[in-house]
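Need the complex rebuilt from these two chains, each delivered in its own frame; the hints are there to steer you.
Residues per chain are reported as follows:
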Amino acid sequence: MNKRIKFSLVMSLMLILFSLVNFTHTVGATSNNNRVLLVYDSQNDVKNDKKNIDALQRSLTSMGLQVKTIPQADYKKNTLNEKYLGVITMINWRQVGLINQDFINDRDKFSGIKLYIGENLTQTETNQLGIKVQKVYQQQFILKNDTNHELLPFSQSITVITQQAEGAEQVGTLSTQQSDQKSYPFGYINGKQGYLPFFTNKGLSLIVQTQMIAQLFNRVGKFRPLLTITNVTPYTNLQTLDELSKFCYRMEIPFAISTTSVSENTEMKAFDRFTAVLRNIENRGGIIFLQTPEVSSGVDTDGQLLNQKFLTYIVSLARQQVFPVGISSAGFWNQDKILRNNSLKYADHWLLMQDGTKVTYIDQDNNSQVAKQSFFAMPATSLNNVKKNNSTTFVIPTALTISMPYSQKELEHVENEIKNLHLSWYNPVEEGFSSEINTETTSLKYNHGDYLVNGKLEDIRNTNLNLNKQFSDGKSNSLFKNYFKVQGNILAVFFVIIMVILLIFIFIGQRVYWNRFKR
Amino acid sequence: MTFLFFISTILLITNKQQNAPLALSFGVVAIGIMFLPHFKARRMATALGIILVLISGIGIYKSIGSEIVGANTFQTFSHGTLLETSDPTKKIEHGGVDGQFALMRNENYYSKNYATLDPSSKYVKKHLMDKTGFAWIIRYYAGNLKQFNNLLDVAAKDVTAVQPRAVGDFVRNSGHKPGEQVKYFTVYSSLLGAFFPGKYAFDCLLAVGFIAVYSVGFYLDIKAKRYMGILRFFLIFGLMTVVVFVPIVSIVGDGDADLAKHLFLVPISLNMSLLMFISDLMNHTLWNTEGDEVSE
Numbered sequence: 001m002n003k004r005i006k007f008s009l010v011m012s013l014m015l016i017l018f019s020l021v022n023f024t025h026t027v028g029a030t031s032n033n034n035r036v037l038l039v040y041d042s043q044n045d046v047k048n049d050k051k052n053i054d055a056l057q058r059s060l061t062s063m064g065l066q067v068k069t070i071p072q073a074d075y076k077k078n079t080l081n082e083k084y085l086g087v088i089t090m091i092n093w094r095q096v097g098l099i100n101q102d103f104i105n106d107r108d109k110f111s112g113i114k115l116y117i118g119e120n121l122t123q124t125e126t127n128q129l130g131i132k133v134q135k136v137y138q139q140q141f142i143l144k145n146d147t148n149h150e151l152l153p154f155s156q157s158i159t160v161i162t163q164q165a166e167g168a169e170q171v172g173t174l175s176t177q178q179s180d181q182k183s184y185p186f187g188y189i190n191g192k193q194g195y196l197p198f199f200t201n202k203g204l205s206l207i208v209q210t211q212m213i214a215q216l217f218n219r220v221g222k223f224r225p226l227l228t229i230t231n232v233t234p235y236t237n238l239q240t241l242d243e244l245s246k247f248c249y250r251m252e253i254p255f256a257i258s259t260t261s262v263s264e265n266t267e268m269k270a271f272d273r274f275t276a277v278l279r280n281i282e283n284r285g286g287i288i289f290l291q292t293p294e295v296s297s298g299v300d301t302d303g304q305l306l307n308q309k310f311l312t313y314i315v316s317l318a319r320q321q322v323f324p325v326g327i328s329s330a331g332f333w334n335q336d337k338i339l340r341n342n343s344l345k346y347a348d349h350w351l352l353m354q355d356g357t358k359v360t361y362i363d364q365d366n367n368s369q370v371a372k373q374s375f376f377a378m379p380a381t382s383l384n385n386v387k388k389n390n391s392t393t394f395v396i397p398t399a400l401t402i403s404m405p406y407s408q409k410e411l412e413h414v415e416n417e418i419k420n421l422h423l424s425w426y427n428p429v430e431e432g433f434s435s436e437i438n439t440e441t442t443s444l445k446y447n448h449g450d451y452l453v454n455g456k457l458e459d460i461r462n463t464n465l466n467l468n469k470q471f472s473d474g475k476s477n478s479l480f481k482n483y484f485k486v487q488g489n490i491l492a493v494f495f496v497i498i499m500v501i502l503l504i505f506i507f508i509g510q511r512v513y514w515n516r517f518k519r
Numbered sequence: 001m002t003f004l005f006f007i008s009t010i011l012l013i014t015n016k017q018q019n020a021p022l023a024l025s026f027g028v029v030a031i032g033i034m035f036l037p038h039f040k041a042r043r044m045a046t047a048l049g050i051i052l053v054l055i056s057g058i059g060i061y062k063s064i065g066s067e068i069v070g071a072n073t074f075q076t077f078s079h080g081t082l083l084e085t086s087d088p089t090k091k092i093e094h095g096g097v098d099g100q101f102a103l104m105r106n107e108n109y110y111s112k113n114y115a116t117l118d119p120s121s122k123y124v125k126k127h128l129m130d131k132t133g134f135a136w137i138i139r140y141y142a143g144n145l146k147q148f149n150n151l152l153d154v155a156a157k158d159v160t161a162v163q164p165r166a167v168g169d170f171v172r173n174s175g176h177k178p179g180e181q182v183k184y185f186t187v188y189s190s191l192l193g194a195f196f197p198g199k200y201a202f203d204c205l206l207a208v209g210f211i212a213v214y215s216v217g218f219y220l221d222i223k224a225k226r227y228m229g230i231l232r233f234f235l236i237f238g239l240m241t242v243v244v245f246v247p248i249v250s251i252v253g254d255g256d257a258d259l260a261k262h263l264f265l266v267p268i269s270l271n272m273s274l275l276m277f278i279s280d281l282m283n284h285t286l287w288n289t290e291g292d293e294v295s296e
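Residue numbers (my numbering), protein chains in the order written: chain A, 1 to 519; chain B, 1 to 296.
These aren't lab readings, by the way, just hints derived from the structure by calculation.
No experiment lies behind these values; they were computed from the predicted model shown.
In this text, a Cβ means the ideal position worked out from N, Cα and C, and glycines have one as well.
Each hint should be verified, as a subset may be incorrect.
Example chain A residues on the side facing chain B (calculated, C-beta under 7 angstroms, incomplete) [claimed, not checked]:
(1) W93
(2) R94
(3) G97
(4) T233
(5) T260
(6) V262
(7) M268
(8) A270
(9) E294
(10) S296
(11) D300
(12) G303
Chain B extracted, bound-state conformation (with noise of 0.2 angstroms):
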């Protein structure tokens, strides 16, 4: 079980570049499996998963092109340090870069139709993108807080998008047009979109009480010597990691640009983690989960 765990993590993982900071998520959980009691022995074998699950994550990080990283490098400029601010000319113009790039603003790095300069060309390069590095893109933020909880919020409005909009649900050969979707949980999905608070700081104290709730069964548990809600307690925690720090990291890689498709997996984490809060009060295990021990 715990061998397949491990597989089906790194398979997600390695599944698609953007998926790399999962590991860090899915690392956290598998904590969890260290509790598991007759397992000293396996216990070794689990440490080695969560670094195979972590090295997984930053390969797939170090695989992405450097096409891919200049289109990032330059999104996370035009779709993210210049959006959510009045005229960030004189703003980036404090970070070192010229102020005339404020220009670019919502330009993307290939451009639909027609571009005032080609953002691979070499002076774009030299003059811009060889200066906004990682750690520049970090100092800019920290340096504009306000600016950077504004585009959370963007992206927290994204993050109850389970199903997409501007991309179809079928694969190409399906028979289906391109662009249709799926009708299934339509109804959830944007009642969800149309009420759910798009503030980056309620996902933030969402998650917190989740954690904090499922803190309880896992303080009882560990007194209790049980495993069950040592192992939910850490699943919930990986789960909320995803809804906390994707957001962020999506933020500071690729700014508003394909934004709910970055998000993709912070809405998937939110549902399961409430599915399994409500089955949690239905069957009365949320605090108690002493009725598990008899079925494993």
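Only chain A is shown next, with the shape it has when bound in the complex (with noise of 0.2 angstroms):
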């Protein structure tokens, strides 16, 4: 006997130790060298060309790595070190081009994996690349990957690779269109150096890119891609979003939504039916990103008003049981310490999508940080042209979007879109998701279709299918009702005998008073 509890002590000592080690070693994995620098010329405004960058950001974060951005004019000499595992260069405006001669010169001394992203090549780079390049004007090429293909949009100028290195690596070719069809690499990975001609944030080549830049860093995943619904909000038409979930529910896709709340008025009908249709969700099968609010200015320095908003978000969502497994929000919020730090920073699992056209910073840092996993959004619709089937994978964890519909006919329209898509979808609960969100005062955890909260299990009540049904007006209070309406009566009444008593007073007082002069 006493010998088995010994054992068992040792044991379950062993089994603490063992699971410490794993513990330290997982953060240490995540810790250890996973900071890269982004440098580029500039935003391009003119163009929207920061788009580009931010998506680049994004596929980087889903990598698992943390991107310092460095606008090249704010470049101090040392910046870059060995610090960092690997710098990228990106030419977003080949008019500006790179001309900060301190970067240039830390960079071709830096011996971590390096990217050039775009033209103007400086001699150091290509022999570091081990390439010869042309540039070649006016054309329209043709991307092709395995054995998809895009066709480019007509481009001024394009810097191609004529030669290249003997044991390099190509991810994807350039051909031109003409009779004689000359072809170059588009991705280009010689051990750690890579070059890139362009990036941009949509289509074939978003995702030839990703998978190029993936290759270099060595962070090469096979995910499937996550089918999200984005733009719900409480103000979304429920009765679609419900027969939208029911639709994935029977056609047996796995599907996520990303949807916003409301810190107040959380006591309302409205609210009640909102979060009826998310349980409807979860009980489909469907996971919830809770995603960020706009913001409208940047008087929240110290973060404290989001703070509270978080918090109020995910207790009254919770309340309701309705439970998010992670937070989603435009890229721009991972380059903010305050908005980062108040918003994403609660999750473990992020969904960061494209930057809509109002960007409003409290405290950009450019210093984005890594989730445990974070899900590259892109529009379905922008893999419109790539082949796809059921055996197709991405390299990074990937999120295809479509916007939320609203009327019964757009909804017919974005059952066939994901109909038509043909792909074989993540799967949170077969593929062992697991994620938390923790706040001061909240503990969500999703774990292969279980919710937790603060560690207790949760059976997640279901909702009335018939949402009119449900909400009707009871009529539980009209016995209160009616006694008000009595009594309301019974005064009045009483009033106007008090007045007409009155009025005979008067009267009679009348006649008394002249009486008396009559005399």
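In structure tokens, the structure reads:
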């Protein structure tokens, strides 16, 4: 007996030790040099090409790489050092190009991974890459990768590789449209050096680019895409949302939604109804990402308001058994200290979407952090021209987004769109999706389809599927209503009687008064 | 004199878009001028003046920019129709608007920090603001009179605020701190704010009272062919239309957003009427304007 206890004690001690070691190991893996320096020449606001920077930052975040982004003008000597795993140079505006000599020198000396995106390569760069390049003007290229091809937009000029080093890898091919069809490598990797002729934020190019970068940084994974319905708000047409989730459930498509919430008025029927639909989604195998609100102004300089808002969101949703598994936001939230620390930081799963037209920073630090897993969101329509099938996978966790439909007609359109995608979707239950959201007051866990609140397993109650029936006006307070009505009537009658008596008195009094004079 | 009256009236009305409803009140005031003696030739001019005042009111109303119309349409919904009721979800649904928008209660068009959904977005415009036009608001309040009355009571609480607390009294370059206020009449203003009943029905009663009191002078003066009482009656009548209608227009037009600002002319009108009433009492001219004829 005694022996047995001792044995189990030793075993459990060993287990604890093992898990500790394991834990430190995983922590070490994520913090161990996953920092990347991204230096770009210009945001190129004219062509709105900062979207490209945003897409690059998000894809790197999805690879688990922390990105420090610096415009070349702000680059200080010796910023790039051995603390960084790699450096990415991005030429976003050919006409500007790279002019910061400090950066060029530091980069030439740097021995980590180097990626060059765009034109105007320096001599050292081409030497290190071991290539010969040529500028091609006024061309329209076709990008080919495996069986896919995409017609690229007409480009003024593009730098292509005419001669590769031995043992170099190539990701995707660029070929001209002319009869003599010349072809050049698109993504090019030579050991720790890489080159991409450009970086855009959509289509096949985006997929090939991320594949190439993941390969260069040795972060290639195999992920099925997560079907995500975006632009869901508490003001969404709930009937449509409910039907859409029902459709996905019937088609056995696991899905996610990205929804905002409200921090006030949560006692209203409208909020009950909203959360009821979200509960239905949870019961139909959907997972919920809590989307960050829109930043209207930069007044919240210490993040207090945002912090408070998020706590209220999570508590008010959890009270209605709606448990978000992660937080979704536009990419720029990860580039802002205040925004990130008071929202994204609560969750270990993120879903980062393209920046909208309105980007308001509060305290931009361009120092993006990483989560356990962050999904790179791209619109499903951007893959329209890419061949897809059941075995299509992505190298980084990817969410294919579809905007929430409103009307019945739009719903049918979206349903057809989903049907025609013919993809094998990411299934959170099968693939052991396990996430946590921790705030000061609440801890939400999701594990293989189970929801745990503060460590306790929750059974999500089913809601009546007929929304209108469920939320029809109850007559629970009609008893008191009648009471007050009757009381009101009695009072009115009472006052009328008093009025009449008073009038009579006045009349009598007047007569008495006049009669005094008549005498 | 008459000319000056019309010029300053038009200036006052066109000064700010929210003064548009004043055109009606001043139109009423101007009717009094028609009763001036030896005035037949200029009666036409007065009529023209009234028409001009009304046109300036319409003009300034039409000149409101689409951005501000958007803000007003939104805030009259979020700060008006959704207030003073326990749960507006079903109520607005009866009016044909998605009940979910009830969650926008108390939200500003220009959100101060974070917004769940930007009120100036296309979605809100299409599914909410295109539906909740002026006619919708009127229909909604007609169907929810009790709520409307509560809102008017909210407005009535602000009716005495001669000195809105939220804004300063000095111009930017005057060297005073932002938000700093003058100290004149502060005691009077706070006393009135504390003891004046914050009920819209009371304001209406007061208006009826004033009009009734001055209509006696009006009647006597018509009989005696004096003009002072008539002129005064229309002035009071016009000021009382301000007291009665501006709260309604404010609530319908912009809900309780910037209420004190929108109502500013109500306390002015009330106090001016009160001043006139007191001076009439002290000069014994309330119902007897005989003495005035000599001076003119």
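Results of checking the hints against the structure:
{"no.": "1", "hint": "W93", "result": "violated, 30 angstroms"}
{"no.": "2", "hint": "R94", "result": "violated, 34 angstroms"}
{"no.": "3", "hint": "G97", "result": "violated, 37 angstroms"}
{"no.": "4", "hint": "T233", "result": "holds, 5 angstroms"}
{"no.": "5", "hint": "T260", "result": "holds, 5 angstroms"}
{"no.": "6", "hint": "V262", "result": "holds, 5 angstroms"}
{"no.": "7", "hint": "M268", "result": "holds, 5 angstroms"}
{"no.": "8", "hint": "A270", "result": "holds, 4 angstroms"}
{"no.": "9", "hint": "E294", "result": "holds, 5 angstroms"}
{"no.": "10", "hint": "S296", "result": "holds, 4 angstroms"}
{"no.": "11", "hint": "D300", "result": "holds, 5 angstroms"}
{"no.": "12", "hint": "G303", "result": "violated, 10 angstroms"}
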